[in-house]
Every structure is written in structure tokens, then in C-alpha cells.
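There are 4 protein chains.
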Amino acid sequence: MTGTATSEPPVILFDPWPRSADLIFSPAMRTRFEALGTVVGLAESAGGKLPAEFVDAHLARAVAIVGQTDMDAQRIARAPHLRAIINVEGNFTQNIDYAACFARGIQVLGIAPVFAQPVAEMALGMAIDLARGITRGDQLMRAGQEQYGLAGNRSAFTLHGQTMGLIGCGNLGRALIPLLAPFRPRLLIHDPWLPDSLVRELGGEPASLEQVLGQPRIIFALAGVTEQNQGWLDRDRLATIRGDAIFLLMSRAGIVDFDALVDLVAQGRFRAATDVFPVEPAPADLRARQVDGLLLSSHRAGGLASALAAIGEMVVDDLGLILADLPPQRLQPARRETVGRWRNSPGRSYAPGTRL
Amino acid sequence: MTGTATSEPPVILFDPWPRSADLIFSPAMRTRFEALGTVVGLAESAGGKLPAEFVDAHLARAVAIVGQTDMDAQRIARAPHLRAIINVEGNFTQNIDYAACFARGIQVLGIAPVFAQPVAEMALGMAIDLARGITRGDQLMRAGQEQYGLAGNRSAFTLHGQTMGLIGCGNLGRALIPLLAPFRPRLLIHDPWLPDSLVRELGGEPASLEQVLGQPRIIFALAGVTEQNQGWLDRDRLATIRGDAIFLLMSRAGIVDFDALVDLVAQGRFRAATDVFPVEPAPADLRARQVDGLLLSSHRAGGLASALAAIGEMVVDDLGLILADLPPQRLQPARRETVGRWRNSPGRSYAPGTRL
Amino acid sequence: MTGTATSEPPVILFDPWPRSADLIFSPAMRTRFEALGTVVGLAESAGGKLPAEFVDAHLARAVAIVGQTDMDAQRIARAPHLRAIINVEGNFTQNIDYAACFARGIQVLGIAPVFAQPVAEMALGMAIDLARGITRGDQLMRAGQEQYGLAGNRSAFTLHGQTMGLIGCGNLGRALIPLLAPFRPRLLIHDPWLPDSLVRELGGEPASLEQVLGQPRIIFALAGVTEQNQGWLDRDRLATIRGDAIFLLMSRAGIVDFDALVDLVAQGRFRAATDVFPVEPAPADLRARQVDGLLLSSHRAGGLASALAAIGEMVVDDLGLILADLPPQRLQPARRETVGRWRNSPGRSYAPGTRL
Amino acid sequence: MTGTATSEPPVILFDPWPRSADLIFSPAMRTRFEALGTVVGLAESAGGKLPAEFVDAHLARAVAIVGQTDMDAQRIARAPHLRAIINVEGNFTQNIDYAACFARGIQVLGIAPVFAQPVAEMALGMAIDLARGITRGDQLMRAGQEQYGLAGNRSAFTLHGQTMGLIGCGNLGRALIPLLAPFRPRLLIHDPWLPDSLVRELGGEPASLEQVLGQPRIIFALAGVTEQNQGWLDRDRLATIRGDAIFLLMSRAGIVDFDALVDLVAQGRFRAATDVFPVEPAPADLRARQVDGLLLSSHRAGGLASALAAIGEMVVDDLGLILADLPPQRLQPARRETVGRWRNSPGRSYAPGTRL
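Same order as they appear, the protein sequences are chains A, B, C and D.
Note that numbering that gives the first Met the number 0 numbers the first sequence so that position 257 is 256, with each residue one more than the last.
Note that numbering that gives the first Met the number 0 numbers the second sequence so that position 195 is 194, with each residue one more than the last.
Note that numbering that gives the first Met the number 0 numbers the third sequence so that position 251 is 250, with each residue one more than the last.
Note that numbering that gives the first Met the number 0 numbers the fourth sequence so that position 214 is 213, with each residue one more than the last.
One should not assume that every hint holds.
Unchecked claim - Listed next, with one range per pair, are the computed distances between beta-carbon atoms:
1. A:Arg199 <-> D:Pro332: 38 to 48 Å
2. B:Glu200 <-> A:Asp284: 49 to 59 Å
3. C:Ser25 <-> B:Thr337: 52 to 62 Å
4. D:Ala180 <-> A:Pro8: 20 to 30 Å
5. D:Thr30 <-> B:Pro332: 26 to 36 Å
6. D:Glu33 <-> B:Pro177: 17 to 27 Å
These are calculated hints, taken from the structure and not from any lab test.
Even for Gly, the Cβ is constructed at its ideal location relative to N, Cα and C.
Can you build the whole structure from these sequences, using the hints too?
Below, the structure is given as C-alpha cells:
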């Protein structure tokens, strides 16, 4: 019952661009990967997406695709043994006929969980930075303008015991909550996809968007972009943030009115940090680059070498389970209801392998 | 059995300089403080240490001193009802005849625990900053030199699962361990004052100074200065730190050869952060101000307004217990064996109330 | 886009027997449930499964079934708007054409997570009982044969720091691990459906069946019965358990050779506890009833009123999400690969509503 | 500066009865102990307290006493080098002139912390037992009267999310809190020796005695007996316990009106468990032995072999520190304010080494 009609080993189509085998596999993991079946595309994928003819030539025997291959209904129909498509880029995009996959029982899986831990760590680090003035304090010492002790801490505050807000509470929020727990926060969580009971189980209090912006001292924006929440945090909403609060944009620029955010911080309305920008690489003359009170990070929160290497392990683990007729355990399944809504465009113009 | 021979309320001598009543007491806490007895010195202490004649005039009836009053054997002898001396500055200094206190059963208590949480938080924030390149990344974006994703993370690493070392594990180390726990570190702990069994109970592995410097990816220097450990981390020892490690000096500059530390970081041997300096305020031309790879903080890790306000609560709580013939619970008692060894000089030349 | 072609409210078919509306819904939750659509079957289901004709009459308009209705391919075909089948009994049984559901995108969901917490709590309680001799100690005191202190503790041991084994690590194991964590165990986990990496992420060490039986001081058998593991823990395997160990059977009697287990405990080979029996109610003359060293519980670990009430909340939460075109978050989805393998027969002969 | 005037090794007087060297030392630990100095009394102490003349003969050179030797002011005066008295029985009793010790700076230390973990574990086990009916369920199955599932759980409840009360929060309470934490309780804590702020830091809410008895579903009585709290929980107070609550007496029988407790449980007013009795061994005809709803344990919560072995480690660790002029870290110091108040009489009539 392995899904192939013959005794030939299963074919695994490898089409990881803009990732590459070297990025996502340690040598040991690559060995395990190649032992799962006949992997095709390893060489061919090094320089970009697999050529269409290459893909088409292997569909008939493919049991799995590891990569972001365009898979419309026709291609799916020509892959009768296909059991899984594993996106290794990080965003489900609209280049797959998901409905056709679900009807056929083809599992579509993604790697978002690998980034949850490193992004959560960065979110905590940037929160402490803003709350305690770490980057600012270093700047002042280099400029010879520092003050010591309490005098240097006039706008500093501790995370301990603060009210914190999470906007969105998926993989990232759930990786962040344990890092925040030792600070014993009061956690307000706004996530329209989650029932209140689950929010409470996660240790939070269900909150409206108004509450999660207006009440906390620390606000983490963690939601991915969907067709529904683009520009969600607009100027009026951002203006309700407390004057003594810090706001951290860790997921996607698309969920905020970025210009409004920069304006408000430039006016000293609150302090903020961002790991993401409306266009990446950010233009050289982006105003945000010169605004005080804004901590800047060039979309580096997730893309650690160790996170990328974890992709390979997840792929090998779950593909092994699938080929043994067991449920995958580590990758994140595309959900029928939401996979069509995502608008987290992958990065565009910079070099392969360098993006989140 | 309150220790005063008459029915008059106990006298509490308040001599907090360089702290002040306003810094350490919230209004509610000050009210509770004044209800504990007849507090003398509140007005007189505003501008500096209490005048000697003022102190001498009240010793005969004092049951407690809240402050850093010089108390030699003679003065102690003239305070027959004295039951507690509560240092609110933060360092036990050699201006008290501790032996005379212990012989009389006078409790000497300090406030070091209030700083443990904020300094631990800062230590974690600076560790994430160095590991992930937060301050450096902000600098690069402001200079238009940033790289994105993996390309920008060549020297970045996650705290998750790393070997970390703690040099010293008193109040500060014990406040830091729970903040590190969610990152599931392997913890090497070197503290010559602790038995191995206690180190294990704290979740660490007992380690020699060599091990705790040479093995971890992240090293936290948390020990206070004693007569024995001045300059302990000398050039040779610092040179054993791994090239891919980060070193964080969070306690006192006196435990390291500071010049050697700056040299090694300037040579790119490892990255480091420091919250403390051999002389504070640091000279304008201090070389450390211009060294890459060194994250600088002007002794701001502990001195938050909220931490100072916690002093008042601790004082009121414990003085209340002592006057009710119960053991104090929150302040830290001077230990007979070690109180004479401390060499954490309090800051010198800057304005009252601004120091750690 | 609610899945019904007309503007009529969705029909929800309620067929919960052997559960009942009163058991699984608090009044408030029932109100929320009825507000989700037109619920049919509430009255009809009180005395047993819904009559076939009743079911058939409502399939055409049903968007969801809450219950264990037999759903073969024909019935599924006659329910064009059906989007979810929510089993509220606790075991996926082979009375549904799961393949037909998956092909149509009909979600099949179960309530197993509600029992994880109470069963885990009971497992911990029974483990402490066996390790420390609680039930035995009470018996001895009632018989006037107790010994005090150390003399009464000759075969007692603490959970703290012990090696513990989990056989199976699904919902139940993952609810148990946090309860065990404060005892700082070494955790060996055997679960053939999980990759090693996930076992480590859960805080355990991957172990073979041999290791998980032979090494620990405390063994928790937590696996459900599948077509593959019936009688898995046979006499030879049970005989490898350490003489100073305790064995706790918390999931299903079917995974062990129950007679062998009773024999070995009766011989004093090790102590054990069981919440489950090959036939329930257990025969009056079941030998296990009189064996020393065996702690007996009449399948009471999961069936708390509070757990049953949690079913209603989960159903309402997730059905609400599904009808709003969002992914369910709390119920457990049947997994295509495994749903056909389960052999956890629901209880048979005792009164409705009384079973796990 | 070792406290002895000569170069002879320090003399350690070993007088552990009713403990013994074999009970408290593993072989390795005994080796470490004997390496600390010249230990006298090892052989002599095997059968009982050291003879007075033996003690007197060694006082002049003793730097430490490990045991419960009577030490009045005269003996203390004759031990000029004495630096520590380490009680290894478990209760500070009134056979020492503590004031004379404190005046001389002689540390008096006790081993209570070793029992905190095992007693806390037993408290949790007995709480789950009462809440879930473990012992009762076993009795019913053995009698063939069990009911299954929900029918068998009519008076059962989960610990999860309950309000719990702690009466007393010293070593034992602080060992129990982490074991309870995964159940996410609301914790009411009554301890007249602790400030509210510390109770909150421990994760609890400060509560009056009335609140801590009347509100929780689970009440843990954890306070030792002092001159002030004997019979504290009298009939009227016990009568305020909720009808659906469970009450666990884990510390000392002396803090409750034991007859009233038995009466109330016998009347079905609430369920209870006790590890302690007014007289131990309990009389054969003690009424408590036959009361339903009362879970009985013969003072076995603390006295595990592993706990006793931990005594030796603590003694060796701390005596080693003291002899190196460092503060002890693991034993519990007698507190000047309270040491005279304890009335935890050690057990009386049963064999040496068998008691808590």
C-alpha cells in the first residue's frame, strides 16, 4: 500500500528553489533523504526552479514533491501516485490547485514551524532591547552621551509583570509564550481564528483588536498576511497604542500601514521595532532608516543556518512517515479553509537562499 | 518583647543616602514605613548622609537603622536596643563592625535581591542582542549596509540548545536561570562558594573556571568582587574563550582584566557586552567606546525605578517582621563568613540616587 | 460560502448516543450549540441512536453530524452539504467510510483530547500511590498492621529523578509529561508513530520497546489499541520489567496479555496498576480483584463530569469555526493513515453515558 | 582561621541518635565526612545518644557537633572552638541554649529541607487519591462493588483549575507549589510568618485562615507546631470546610483538633487524609482507623531511605563549607526569632531510625 503500483522505489521530485539541498540538509540528513526513494532533481535544482519538462517527465512516478513546484490541476492529474507536496520555502502560495490535492488526499505540508523558535527569540530580544534601551544605550555610549543608573533609565521598564499583547497566535505566538512566561506577564491575545477557550488554554486572555492595541505595554504583531488582514493595523488603530508602549512587528509588513507606523514613531508617540519591510531589500532612502525610537532588523529573525538545517530534518522525518503510511508529525499541513487566503509573498529580488 | 525597655514606640533611624525616601518608597509604602515606629532622619537625610551628631543623638533609642550609617563598635555599643541595620544602597561595605553586630544579634540586611530580576533580564536581552546581532543590525540598516535573511545572519546563532556558562551563581544567577530555561540550555556553573549538589539542584553542571570559560557559546560573568577574585578573569583566561562565543559582564568590572577584555574583542577574538566599567562614569576617551563587537551599557541593568521602589517594600516587609519578633523573609542577610570580603565599591562621583 | 445552497440555516444532526445532550452540554453551551444552526435529533437521541429513517430524512440538508452515526458511502453521497462528522464518544470506529469522507473533504473529528488531562492526572496519582504505598498503607492502618516512618517505607520510593518510560505518546502522554516534569525524570519514550526528533522535543529519549520496559522504575502504558499492537506487551515482554518497578496500564487492556500481567504481579515480580480490563464490567470472579500489589480502578480515569462537559465546549467551538470557514482548533482530526487501524472498542454492556 | 588554635585537625562530634551513620551516609559520603576532620563518636553513637562523659571529653576541641546533643550554656562555654551544631533528626528541640549559640556565632542548622520533596510528593499523591477516589476505587473493586466510568465518579473531581489552600508555606509548601503548578490551580496561602509580597512571588494569593479553610476545594495543612498554633484548626474552624472539599494533614497532628477532624469526616462533612497522629504509633483502637472518607498514612511521607541518605550529603556539603570559612548553603539555619517556639516533638516510642 505504498502508493506505487510497481516494485520500483518511489520517486521524490526535489525542486527546492530558492532553497537548495546544501542549505536545508546536513550531510547526514541528505543521506537519510536519498535513502527514502529515488530522488530526482538534486543536481537540476541547484540553479533555480526545475525546468517544466523535467517536472513533467517525472510526474508519472512521483510519490512526493519536495519544493514549490507549480502544480495545477493538470499536473496533479498526471501524478497518480503523488501523496505529498512539501513546500520548503515557508509560505503557501497560490501556485497549487489545493482543492485538487485535497480531493485526491495529497498532503500539502509546509515548514513554518522551523522559524517559530528563532523568530520568537528575536521578538523577545527586540522587546527587551526596546524596553530597556539596549541599542539606544550603546549608541549613547559611543557618542559619549550616556547617563548612568537610574538617570539613564528614565524611559526604561522591565518586562516583568507587564501586560503584553499578541496579535495573532499561531506557530510564532505559541513559540513566544514560553519565552515570556518567566516574566509572568498578563497576556492579551487577539486571534480571530482561535476560540476563546484555546486562548485561555495557552495562558492568555481573549482580547479584541482594540484591547490588544490599547492596553498592553508590549505589543507583538505576529499575524501572517491574508486576503482579509492586509493593512489591518491602520493609522487610526496604531494611534491607540499607549505612549509608554513598545510595538514589535515580527511577521509581515503587510498587516500594518507601514508609513503610519513610521510616522507615529517619528513623532515620539511610542517606540517600535520591525523585522520586515513593505519592499525588501528596503530602498536606500527609506525614511524608516533614520527614525529615532525605531529598532530595525533586515528580515533576519528567522533565517538562521540552524533553522534552515531543521527544514531537512522535518522533511526527512515526515516523508519517512508518509511513505510508511503513517501521519506526518512535524511539518504543518495546509488547511483547506485557509490555504487559499495567505498573501505572505515570498521575497522577490535578492539572491536565492538568503530569505526567511 | 520588642527590644525597647519602655512603652515608647521604637525609633527607626533613616539614613539612606545616596538613596532617598522618594526613590525607594511609593507613597503607600512610605505610609506603612512611618507606621512601624518613630522614624527619624526623613527630612535630614534628603541632602546626604545624616550628620554624625544626629546619628549619635538617636542611637540610644534606635531599634533599626535603614541606611548605610557608619557603625563602629563604639556606636553599636551606644545603641542597646538596635536589632537591625538595613543597607539600602546595595553593597555591604566595610564601614560597619559586623562582628560586633553578630555578637549582639543585630541583623544586617541588604537589598541585593531587588536587582537580580532586572539585571537578569538585561543579561538575557544583551545575550540575544549579541547572539542575533540586534544592535549591529540596526547600525547596518541605518548605514544602508544591511543584508537580508541568511546573508545577514552569518555570525548569528540562536540561544536554543546552546551550552551556557555562569560565573557566579548567587541572586543574579538564580534569577537568570529561569529566563534561560525555555531555551533548554546546557548550563555550566562555576561558583566556588556552592557545593556541586546545589549546582545540580539549580539545573546546572558544576564546572571549573577553565570549563566555564572554554566550553560555552554564551558566558555570563555574574560574580561580585571580593578580596579574592579581583582581576580573576585575566588576559590568559579570557583568551581561552571560544572564537564563536559571546561574553557578558553583568556584575562588576573588577572581576576581569578590563583592558584585556577590550583588546581581545577589538582583535575579533570573540564578541562581548558589558554593563560595568572600571571607573564610572567612564572617561570620555575610554577606548571601549569605539570597539566593534562590544555592546556597551552604562551600568543601567539594575537601576530601574521599579527596582528602587521594590527596596521600600522589602524594607517595610522585613522591618515589620523583625519588630514582630519574626524572621525577615525578603532582604538578604549579611553572612558572617563573607561580609568582610566584599569589594563591590559603590559608585563614586555621580549624583545621588542615580546609581545601581 | 457556508456549504448550503440556500439561505436556510444549516442543519446539524445530533446523534450522540451513548452520550447525551445533558452529559456533554452545560446549559450555556447548549444554547451556543443550538444557535449554530437548526439542530435536529436533540429529543430523538435521548434514548439511543437516532432511527435510520430519522437520519436519512435529514441527510440532504445536514452540514454536520455530531455523534457516531453509521455513515457508509451511500449515506455520505446523500449528504451533499456535509462538512463535518464529530464523534463525541471517544473512539473512531469502523462504522464510517472514512475514505469517502476524505475524498469529499468532510472533516471527521474526535474528542480524545478531553480525556488526556484527567487520565494523565489519574496516571500520576496511581504512580505515586504505587511508588509510595498509599492504598497499601491505608489498608495496613485499617488492619492495625502499619509501621511508621522508614520501617513502613521498605518498598517505597520517590518519583523524583527516576527513569520513567512511556509506551505511546499521543494526547495522553503529552498531557502526562508536564505533570511529571517537576519530578525531573529521565523519560524514555517508545512510540513507533513518532520520529526521534519529536520525542526529543517532547523532552524524552527515543527508546525501543525493550528499553522502555526493562530500564525504567516507572512504566506508563498509554497506547491505544490498533490492529497492529493487540497483545503487544506479552508475557515475555512483561517479564523483562525490573523487580523494583511499577507498571501502569492507563489506555486499553488490549495492548497487554492481561492474564500474564496479573500472573506476574501475583508472583510478586513487580507492582502494577490498571484502569482497564479485557471485559468491562469485569466479571465478579476476575482473579485480578484479589491480587496483592495490583491497584485497581474501574475505568474511571477519564470519565469525569467535567471532562464530559468539555466535550460540548469543544464541539461548539470547532463547529462554529467550521461553519465560519475556518479550521477547527480543538477536536482531534481522524488521520487518513491511521483511522482505519484503531481497535479501541467502545464499552459494551453498561448503561449509556457511564463510559469513558 | 579555622577556629582551632593548633594545627591539629578539627574534631567533629557525631551524636546522631535516633539516626545512625548507616542511615544518613552512603559509603562515599561517609568517606567524605570522615575526611573533614577527626570524627569522634561514630562507634559510640550506634546504640543511642553519646554518653555525657564522652561528650564532655571532646567539647574542648570540637569545632562541630553533628547530632542532637544537649548543649546548655555550660557545655557551650566549654567548647571554645565550636562553630556549628547540625541537628540531623529534623526538629529543633529545646535542649540547646540557642541564645548562647547565637551570641557566640555558633551556627545551628537543621535538615528539614530533605523531607520537603518526599512529603510534597506524598501530599500530591494523597490529594489525587482523595479527589479521584483511588484507594476507595480499589476497595470497591476488591469488594465487587465498583461502578464504571462516570457512574463511578460521582464524587470525583480533577485537581485541574481548582482553588487550593496552603496552611503554612515553608519548606514543604515551597516544594509542593511546583508539583501543583501544572494543574494551574488558584492558590490561597495562609502563613502568618510571611509578608503578602512573598506569598505573591510564590504564585499564591495571601489569605486569612478563614479564607484558606472555607474557599478551596483542596486544603493542605503544612504548618509545623509552635507554641502559638497548637490546636489552631479547632472544631469550629474545621466545620467551615466546604462539603465538596478534601483536607490533607501533612505536617503535625498538633495543629488540629484531631478528634474533631475525625468526627467531621465520619459525619461525611468532607473527605480527609492524614499522615500524622496525636500519638504515634497510633493506638490499636484509634477510631480514625475505621472511618470512611479518611485516608490514613502512618507518618511515612518523609521517611524514605533516599531522604535519609540526602541528610548525609547536606551535612558533608555544609560542614565542608563552614570549615572553609564559607556560608553553609543547604541546611536550614535555626532562626533566632523562632527556634524557641517549635513544638514539633520528635516521635517517642518506636525504634531508632524509623521516624520522619
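Practice task
Provide an ascending list of the numbers of those earlier hints which the structure does not satisfy.
Solution key: 4, 6
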